[in-house]
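S.K.: Residues per chain, in single letters:
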Amino acid sequence: MLAIYKKEMRTYFTHMMGYVFLAFFLLLVGIWFTLLNVRSADGNFHHVLSNVTIFFFILIPILTMRLFSEEARQKTDQLLFTSPLSVGAIVLGKFLAAFSLFLIGVGITVIFPLLLRGYGELPVSQITGAFVGFVLLGAACIAVGVFISVLTDNQIIAAVVTMGAIFVMFLMDAFAARHTSTFVSLVFVLLVIAAVAAVWYNATRKAVIAIAVGVIGLIIASGLYLLNNLIFDGIITRVLLWFSVFARFNVFTRGVLRFSDVIYYLSFSALFIYLTVNVIEKRRWR
Amino acid sequence: MIEVKNLTKKYGIRTAIDDLNFSIKAGEIVGFLGPNGAGKTTTMNIMTGFIAATSGDVTINGLDILAEPERAKANIGYLPDTPPVYGDMRVCEYLNFVADIKGVRKGRKEMLEYVMKQVSISDISRRLIKNLSRGYRQRVGLAQAMVGNPKVIIMDEPTIGLDPKQIIEMRDVVKRLGKKHTVILSSHIMQEVSAVCDRVLIINRGKIVATGTPEGLSEGLQKGSGQMQVRVKGEREQILSALREVSIIKETSAEKGKESGTIDLLLNGGEGVDIREAIFRCMARNNFPILMMKPTELTLEEIFLSLTESDRLGINATLPQPAEIAKPENEGGGEDVSNL
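Those protein sequence lines, which keep their order, are chains A and B. According to my numbering, the first sequence is numbered sequentially starting from 1. According to my numbering, the second sequence is numbered sequentially starting from 1.
No lab work stands behind these hints, which were simulated from the structure alone. All values reported here derive from a predicted model rather than from experimental measurement. Be aware that one or more of the hints could be misleading.
To be verified - Computed list of chain A residues with no C-beta within reach of chain B, every gap over 10 Å:
#1 Leu2
#2 Ile4
#3 Lys7
#4 Thr34
#5 Thr76
#6 Leu79
#7 Leu80
#8 Phe81
#9 Leu85
#10 Thr128
#11 Gly164
#12 Ala165
#13 Phe167
#14 Leu224
#15 Leu271
#16 Arg283
What the hints assert, rightly or not - In silico DSS-like links for lysine-lysine, alpha-carbon gap of 27 Å or less:
#17 Lys25/B - Lys179/B
#18 Lys75/A - Lys151/B
#19 Lys233/B - Lys75/A
#20 Lys6/A - Lys130/B
From the three backbone atoms N, C-alpha and C, an ideal C-beta is built for every residue, glycine too.
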């Protein structure tokens, strides 16, 4: 794992990527810092971090776009995946490298609130909370980016899809806020079941089992709907809220450090790392 | 050392390899021979654990590649068809990285120096890989496979894209490797494989159509296919009428020669019949100078064709021979470059 980590960190700084990320990241922080703190003589640095998260859909792909796609393109994935390293170690090494570069950026950012300190009382708990949330949110988005980069051998496609995915995650609250009828919820659940069956078939190539899973799921869901359609009330909202990683960040900026939110971000990142490992391992499945 | 049992790989409905069975002993140099798309690369990718087979098992040094991938892979050095090198690294940095991921700690410096010396890249160790020529990249790729001193080295088309001099050097390297490692290489060039390998597996359409030693292959050469290409100076009709007197020649066909005043003949005495002397005596008697006489070379495709048509399939099938199989030479250069 350490070997992969070292190699990725090196690559960030031998290619442009590391510098581009840091420059762009610090430029964004600097702009918001000037507007929100310096110009308006305000010590609420956590607002700056909130505003920077809007640009995660550009920042994160810079970090993650080439991690696996470039290996596939230059066929060096054959070296990595035929080496005695476990797939988990390779994925984790790459994730941690991207995350470290992100942390370097955040680390430099700490200077800004320190600069403000001489000019008055700062909302320390809110700023600290915002930093913690910012780092966790970054980890979650990086995990999504790593996952997407393993799906393609083209950096540009990986970047664009990651942008789209993070942007949709950002808008998720807005989607979730819409109230939908129970029937629409049922259709949503049925679509999800069909999708699960399709993915199952794609992974295992066992049509009978996949169709059986799909049909049984559809029957159970429809039956439940006929018995008591209130079960389906607000189900879309609940599912979407699970994906709304950005909504939880706001809790941190209020200076509230909730254990459940920390666990949420960590498990969200772990889920996507796990999915990444599985996509790679799938090549070795029967 | 390597056991492959009932190995099958299907891509959708297309069967890439179909029920392969073979075993390779420690210290052997084995060549996979087959045309493009025969399933050589797929087989190697499965043996190295890069992809899984649809069914069947591969064990390396007693370790199943799927059940214990990390331990099994530690026994393998793999050079894929494209050298898996990072263009933005220097050669020494790259090999250090490979040593890292293979977990080489003790004596790393000596090992890397040894490996670089083996494939003669010591003098370019400070250069960026992206600036290297195809031949040097191939060598760096091979050096990568040798790092960690694995028991088995698998090479997919190691000489593709190399110039004749580099091909000979690569053959020497492979022979040297064969002394310490079990080596498996693939090629679609007959001479290539027979020059260095102890044993040859011929693969076509995902199946092993024949196996044999290069010596066994050369044996067939003495007999030959019985067909000779002959270029004779003289009048077409006179030559053909002279040849009609030679009863041993079963088939004759002629066309205008590439040189003026000559004709090119294709003479066949049937399988296993040597007609060279008869041709010489006939032409000498009638005073027609023979400018060229050589056995018809069977291309790989023709070998496959006759193999798939013949009933003598399977292990140790006798092969119809291409004319110019180089006999395995003892050591170092001296190969016939004109074959390449």
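S.K.: Work down the list of hints and note, for each, if the structure agrees.
M.R.: Hints, verified against the model:
1. Leu2: 7 Å, violated
2. Ile4: Given that some Cβ of chain B is not farther than 10 Å from that of isoleucine 4/A, nearest at about 7 Å, it is violated.
3. Lys7: It is violated; lysine 7/A is separated from chain B by about 5 Å at its closest Cβ, not greater than 10 Å.
4. Thr34: 36 Å, holds
5. Thr76: Label violated. Min Cβ-Cβ 4 Å, cutoff 10 Å.
6. Leu79: 4 Å, violated
7. Leu80: 7 Å, violated
8. Phe81: Answer for phenylalanine 81/A: violated, closest chain B Cβ roughly 6 Å.
9. Leu85: Given a closest Cβ separation of 5 Å, the condition is violated.
10. Thr128: 37 Å, holds
11. Gly164: Non-interface label on glycine 164/A holds, nearest chain B Cβ at 28 Å vs cutoff 10 Å.
12. Ala165: 27 Å, holds
13. Phe167: 30 Å, holds
14. Leu224: 37 Å, holds
15. Leu271: At about 23 Å from chain B, leucine 271/A clears the 10 Å cut-off, so the statement holds.
16. Arg283: 5 Å, violated
17. Lys25/B - Lys179/B: 13 Å, holds
18. Lys75/A - Lys151/B: 23 Å, holds
19. Lys233/B - Lys75/A: Cα-Cα ~55 Å, so violated.
20. Lys6/A - Lys130/B: 20 Å, holds
Going through the hint list in order, the structure does not satisfy hints 1, 2, 3, 5, 6, 7, 8, 9, 16, 19.
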